[in-house]
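Enquirer: Single-letter residue listing:
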Amino acid sequence: MSAPLKRTALAEEHLAAGARMVDFGGWEMPLAYGSQLEEHHAVRQSAGMFDVSHMLNVDVSGAGSRDFLRRLIANDVDRLAASGKALYSCMLNPEGGVIDDLIVYFFTPERWRVVVNAATADKDVAWMRRVAASGGFDVAIAPRRDLAMIAVQGPEARERVWAVRPAWRAASEALAPFSAAQVADDTLVARTGYTGEDGFEIVLPAAQAPALWRELAAAGVRPCGLGARDTLRLEAGMNLYGQDMDELIQPGEAGLSWTVSLKDPQRRFIGRDALERHAVPAAFLGLKLLERGVMRAHMAVRTAQGDGEITSGTMSPTLGVSVGFARLPAGVRPGDAAQVEIRGKWVPAQVCKLPFVRHGKAVEHS
Amino acid sequence: MSLPTDRKYTASHEWIKAEGDVFAVGITDNAQDQLGDLVFVGDVNVGARLAAGETAGVVESVKAASDIYAPVAGEIVAFNEELEANPALVNESPYTAWIFKIKPDNAADLDGLLDAAGYQAASA
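Heads up: the sequence lines are chains A and B, in that order. Every letter in the first sequence is one number past the one before it in numbering that gives the first Met the number 0, and letter 166, counting from 1, is 165. Every letter in the second sequence is one number past the one before it in numbering that gives the first Met the number 0, and letter 45, counting from 1, is 44.
To be clear, the hints were calculated from the coordinates, so they are not data collected in a lab. All C-beta atoms, glycine included, are put in the ideal place defined by N, C-alpha and C. Mixed in with the good hints, there may be bad ones.
Stated by the list, open to error - Subject to a maximum C-alpha distance of 25 Å in a straight line, what follows is the list of computed SDA-like cross-link-like pairs (lysine to any residue):
#1 A:LYS344 to B:ASP66
#2 B:LYS16 to B:ALA47
#3 A:LYS344 to B:GLY52
#4 B:LYS102 to B:PRO3
#5 A:LYS344 to B:GLY41
Said to hold, decoys possible - Some residues of chain A that are not near chain B, with every Cβ distance over 10 Å (derived):
#6 GLU109
#7 ALA205
#8 ALA235
#9 ALA336
#10 LYS352
#11 GLY359
Please work from the sequences and hints to get the whole structure.
Expert: Set out below in structure tokens:
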């Protein structure tokens, strides 16, 4: 028997809006409120919002925080010098496989925040505690299920947030991408997202989330579900944990080498030995289908260098053609020809760089 | 949307309507609503001879692909090419946007399918 689905603080809002709800990592979440394509276009053209409260905020505090995070995470948190700066990276297992991808925020040397995926949250917290205990780090690890999170995304997203929360403007207007400001107690406004558009991710006490959601909706921000979130992140070339990478996949096999820092030879983060000794060679690139049809995860791919696999695929609402990510043999390059097996037929595709869409516009691939 | 009574239905959510000696086939409003925005309709092989229940084509929404089946045995004689460029027509007007036409081996096979009330009961 499966456990009953968990609900976020915004579940009543979704149900009242007539959303189609689905099980996502044990959470009952909105797939779409109406047309998924219209939700997608709203984010590309004006502003949309997503309930991402199923993701888990974890506070890391204490004198050993920095050393702990330098051991836990594949990227080097020493890059975070200014308060509020954030970093995207992965936690790896000793084999170099990805336990989860995450965002880590720096506030003070003794106060950090890690945001992890919903489906992996329990596993992640257990792993963090194990790493902390086994390394004897002086840290406290506190999951914050008392917080909710709303992502407001699109070219008009920031203006709409300020329209309903004018007091937040001063602290958040000057935020550079990938940084955050605390605008009130337990309330964080971060210039981050998962759509390839400008916008904010807002973390706030769960009890305050429904009012903010309703006010944003009244200000013209369109509620968007997981369906649009998936097509937006795919166009933006952003990975989805569990689909594009997992515990058996190293960052380099999922296009995530840029989130791993090997610079400081003294920093022996978990997984580093494996990456240095047995890095698995692979290319992780985009594919554009050259004929009608839709690429989906797990479809087989053929190239002149050998075979590969689609990890994520969809019909791109912005481009009007099917796009996807593929794990391919090392040596495959953007511009190469490929074929994708769709229901028994080999359909031509072009290998290309990611992303497909950035700030509302198609990225040109020669 | 109320179910048209000028046609028959299958439990797998196709509708089928006699047009002279061929039958037009599409998917129900309920089916398109469950699938969401369609982005591809195709893989219909004109000229193929199918048994009842065999896969006749595919409809894909942003999220998933779903087979459509031949409600009766016969030969596929047409594919609605308008849907190649505009699959959303199926979302907008599911009961006019036919997907394929089939020339039945036995026109009386239609009588064995669900009527509107029967489909409504079966899909409730």
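Enquirer: Honestly, which of those hints from before does the structure not fit?
Expert: The structure breaks none of the hints.
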